[in-house]
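Engineer: Following the hints, put chain A in place on chain B, whose structure we already have.
As they're listed, the protein sequences go chains B and A. For what it's worth, this note's numbering labels the leading residue of the first sequence as 323, then goes sequentially. For what it's worth, this note's numbering labels the leading residue of the second sequence as 14, then goes sequentially.
Derived from the structure by calculation, the hints contain no laboratory data. In this text, all values refer to a predicted model and were calculated from it rather than measured experimentally. Among these hints, one or two may not hold up.
Said to hold, decoys possible - With the Cβ distance kept under 10 Å, some of the chain A side facing chain B (calculated, not the full set):
hint: 1; residue: Gln65
hint: 2; residue: Gly67
hint: 3; residue: Gly68
hint: 4; residue: Tyr69
hint: 5; residue: Gly70
hint: 6; residue: Gly72
hint: 7; residue: Asp88
hint: 8; residue: Pro173
hint: 9; residue: Trp176
hint: 10; residue: Gly178
hint: 11; residue: Leu261
hint: 12; residue: Thr262
hint: 13; residue: Pro283
hint: 14; residue: Pro292
hint: 15; residue: Gly295
We treat Cβ as the ideally placed atom computed from N, Cα and C, and that holds for glycine.
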Amino acid sequence: MKWRKGAAMVTAGVMALSLLAGCGAQDAETTTASGSAGSNVSAEENNGEKTVITIWSKDRHDASYVQQKIDEYNANNTDNIEVQYSLYTDNFEQAVDMAVQSNEMPDMLVLSENVFNKYVDDGWWANLYDYMDDDMKDYFKDVIIPGYNERDGKLYFIPTCGTTCRLFYNTEIFERVGIEKAPETLEEMVEDAKLITSTLSGEGIYGFAESMKSANSGLSRSMIVGLQRETGKPYGYDFAKGEYDFTDWADTLKLWTELLSEECAFPGCESLDIDPLRTQFAAGKIGMYMSYSHAEPGVYANQFPMDSSKWDCAPIPTVGNKTTGKQYYEGTSGYMINAKGKNVEKTFQVYKDIFASEDYLIGYYEGGYGVSIIPAIQEKAQPSEDFKNKKWLLINNDTDAMLPKPPHTAFVSGMVVEGEDMFKTCESIYYGGADVESTLQDLTDRYNAAYQKAIENGTGYEIKIPDYDPMNPTMN
Amino acid sequence: MKGKQAALRPMQRKKAVIKNLQAYSFMLPNLILFAACSLYPVIWTLKYVFYQYGGYGTGEPLFVGFENLARVFRDKVYWESVLHTFTYGFGKLILILPLAFFLALLLNEQKKGNGLAQSIVFLPTIMSSAVMGLVFYLLFNAYNGEINKYLMEAHIIDQPINWLGKDHAMKTLVITAVWGGVGNYMVYFIAGIQQVSTDVIESAKIDGAGRLQSIWYIILPMLGPILKIILMLAITSAFNDITNVMVLTEGGPNNATMVMSLYGYKYFFPVSATQAAVPQYGYGAAVSVISAVIAGAVTVVYLKISKKLDDIY
Numbered sequence: 323m324k325w326r327k328g329a330a331m332v333t334a335g336v337m338a339l340s341l342l343a344g345c346g347a348q349d350a351e352t353t354t355a356s357g358s359a360g361s362n363v364s365a366e367e368n369n370g371e372k373t374v375i376t377i378w379s380k381d382r383h384d385a386s387y388v389q390q391k392i393d394e395y396n397a398n399n400t401d402n403i404e405v406q407y408s409l410y411t412d413n414f415e416q417a418v419d420m421a422v423q424s425n426e427m428p429d430m431l432v433l434s435e436n437v438f439n440k441y442v443d444d445g446w447w448a449n450l451y452d453y454m455d456d457d458m459k460d461y462f463k464d465v466i467i468p469g470y471n472e473r474d475g476k477l478y479f480i481p482t483c484g485t486t487c488r489l490f491y492n493t494e495i496f497e498r499v500g501i502e503k504a505p506e507t508l509e510e511m512v513e514d515a516k517l518i519t520s521t522l523s524g525e526g527i528y529g530f531a532e533s534m535k536s537a538n539s540g541l542s543r544s545m546i547v548g549l550q551r552e553t554g555k556p557y558g559y560d561f562a563k564g565e566y567d568f569t570d571w572a573d574t575l576k577l578w579t580e581l582l583s584e585e586c587a588f589p590g591c592e593s594l595d596i597d598p599l600r601t602q603f604a605a606g607k608i609g610m611y612m613s614y615s616h617a618e619p620g621v622y623a624n625q626f627p628m629d630s631s632k633w634d635c636a637p638i639p640t641v642g643n644k645t646t647g648k649q650y651y652e653g654t655s656g657y658m659i660n661a662k663g664k665n666v667e668k669t670f671q672v673y674k675d676i677f678a679s680e681d682y683l684i685g686y687y688e689g690g691y692g693v694s695i696i697p698a699i700q701e702k703a704q705p706s707e708d709f710k711n712k713k714w715l716l717i718n719n720d721t722d723a724m725l726p727k728p729p730h731t732a733f734v735s736g737m738v739v740e741g742e743d744m745f746k747t748c749e750s751i752y753y754g755g756a757d758v759e760s761t762l763q764d765l766t767d768r769y770n771a772a773y774q775k776a777i778e779n780g781t782g783y784e785i786k787i788p789d790y791d792p793m794n795p796t797m798n
Numbered sequence: 014m015k016g017k018q019a020a021l022r023p024m025q026r027k028k029a030v031i032k033n034l035q036a037y038s039f040m041l042p043n044l045i046l047f048a049a050c051s052l053y054p055v056i057w058t059l060k061y062v063f064y065q066y067g068g069y070g071t072g073e074p075l076f077v078g079f080e081n082l083a084r085v086f087r088d089k090v091y092w093e094s095v096l097h098t099f100t101y102g103f104g105k106l107i108l109i110l111p112l113a114f115f116l117a118l119l120l121n122e123q124k125k126g127n128g129l130a131q132s133i134v135f136l137p138t139i140m141s142s143a144v145m146g147l148v149f150y151l152l153f154n155a156y157n158g159e160i161n162k163y164l165m166e167a168h169i170i171d172q173p174i175n176w177l178g179k180d181h182a183m184k185t186l187v188i189t190a191v192w193g194g195v196g197n198y199m200v201y202f203i204a205g206i207q208q209v210s211t212d213v214i215e216s217a218k219i220d221g222a223g224r225l226q227s228i229w230y231i232i233l234p235m236l237g238p239i240l241k242i243i244l245m246l247a248i249t250s251a252f253n254d255i256t257n258v259m260v261l262t263e264g265g266p267n268n269a270t271m272v273m274s275l276y277g278y279k280y281f282f283p284v285s286a287t288q289a290a291v292p293q294y295g296y297g298a299a300v301s302v303i304s305a306v307i308a309g310a311v312t313v314v315y316l317k318i319s320k321k322l323d324d325i326y
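Excised from the complex, chain B in its bound form (with noise of 0.2 Å):
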């Protein structure tokens, strides 16, 4: 009997044992397979073996040129480095909260401004200067923007590309209806729409859509960014005061509940996601809509096949034509360099190599990956024809610039705005028939509590550019 107990208790002590021993198992693979994506592995310490540099992306849309890229790379360098590439889309940043927290963290990074703003300060992106020669600092120096990539004189990353919105439009459906060109007003873009939903609704065909399933996503891409121009307020905040007003928002919400309903809106906006309303674009169902310019292109050249004569694209109208700022343009394309990693210099010439010359950022440009911002690319690309004839896909200066952050982004955890944002807000009142006044002034307040707070609490700084110019915005 005694001995059936104690073997009762062996294994009930194995089995727990053997549970902790699955967990401290686990743990042995998952640092393993970080490691072999990890900067941790320095293998060239071993054996006189190859350096390995890891590079982790979220960009889907250039990961297959990327990785030719760096298989050249591989194959030519004669440093002795091999360069591994990981893709992680929609969980990267989560991906890089726990390399950070594990001390995983990859050799290099492509940019993303949330992860970048969220772990400078803690020194873990390394200051390009520190290597760059003067050529370099040349070549690049249209992108080296104080307070944006350059702070307190370090450089943590270059943006090669940049991305805007714009209204995209069907040219044949224009030409059906008699539109001669796109609008420049809000109010003509709504008479536009209604002119085509009316006219051309019995075949399927509306005036405009918009990705509404999730106003956050839908206006970002569109409202939001005409405001930016219209207002000279990015994001309803003015940086000249050093407070938020979102209460001349109201005529543009006024034209755009209208341009959301039934008289010139694509059945069902509410629920669309972005890819399926740019297949029923493709398809020639849809009169305009707003998106990103750096995407579009690729998308109809090779995800949603549709001819390029049939599409263009124009600036965001804007309440009259009113401009009064400029609207913002977002780097893309750049990387960090991981000043913890082993091999910081040894990545750097790796981001240097591959990243930074001159063939890769005009195979870049020319491939459709991105809208360059580099001068010399720009010069010297042969970029595709919807580049060359569509002059809306660049970056223009006249209209696009660099904007600073307003603080809900700039300490994004730390300005705790009670109640529903500003994207829910609005789509309370083009979907939920709020008042627009009452609504927008209530919106204003409870931002600048907010931001106030913030400061008391020490968790957000006071932004303020006294001298701020809306049509030359400084970063700071």
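Structural biologist: Here is chain A on its own, set in the frame of chain B:
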């Protein structure tokens, strides 16, 4: 005598300890899993109810006391989401239970093809909810959805219905949930029906009871205890349904289909957010705790009311 007893005690205690040790060692694996997977997350959530925190890399958590809880009570959208949860849950229950019971009665009989039919009805239960949501999007979308196409071809409607618009989105979600869950409840009902003694049904038949009378007076009352469990499962699952809603509508349009579990979730994992997408763990935790209290209260009330179902006739 007392001294002898006192001398025995340490021995007994030792034996008891060894005996208990054995029991505890058997329980240890489960206890570890329970502590790691159930207890720790609950304690973590309860702790962050009192903090403002955006997650790793966003600075130290800031203690805010009861502010998050107070904010929940001021949050109009949250209370609307609670109301939507009840609408969704009630709508799902009143459709799914009679349907599942009817299918169980129909497919419980030993007839050719019933096994296959049971498998087909059960199939949605093992399908991924996310895939199911995408398929239903293709069926229900307003611009080229199959449902509208069939209804128009059958001349039931003249114009496409915007199934995912604010007027119909909740109904569409309920239909999707019923389709996805009916097989599961059918299996529960079949299990219950098979427990009903055939002798009792045979006796009723001899006494002249028809099919409907047997169902109403024999089967249904004798399903009482299992019905109680089925109802409880149905209620609690209705409170937690999230994938379906997220894929089809993300709680929109204008929060018309926002349910409380999704409302809490989006503070932990901002859904489809491209701007300012940092979680609010503290507020999400407060929303989750209040939601758990509401779900718990409903379950307690239900258990009180449903005591009668335990009585087998």
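Engineer: Determine for every hint whether it applies to the structure shown.
Structural biologist: Tested hints:
| no. | hint | verdict |
| --- | --- | --- |
| 1 | Gln65 | holds (6 Å) |
| 2 | Gly67 | holds (3 Å) |
| 3 | Gly68 | holds (7 Å) |
| 4 | Tyr69 | holds (5 Å) |
| 5 | Gly70 | holds (4 Å) |
| 6 | Gly72 | holds (7 Å) |
| 7 | Asp88 | holds (7 Å) |
| 8 | Pro173 | holds (6 Å) |
| 9 | Trp176 | holds (8 Å) |
| 10 | Gly178 | holds (6 Å) |
| 11 | Leu261 | holds (7 Å) |
| 12 | Thr262 | holds (6 Å) |
| 13 | Pro283 | holds (8 Å) |
| 14 | Pro292 | holds (8 Å) |
| 15 | Gly295 | holds (8 Å) |
Hint check: no violations occur; every hint is consistent with the structure.
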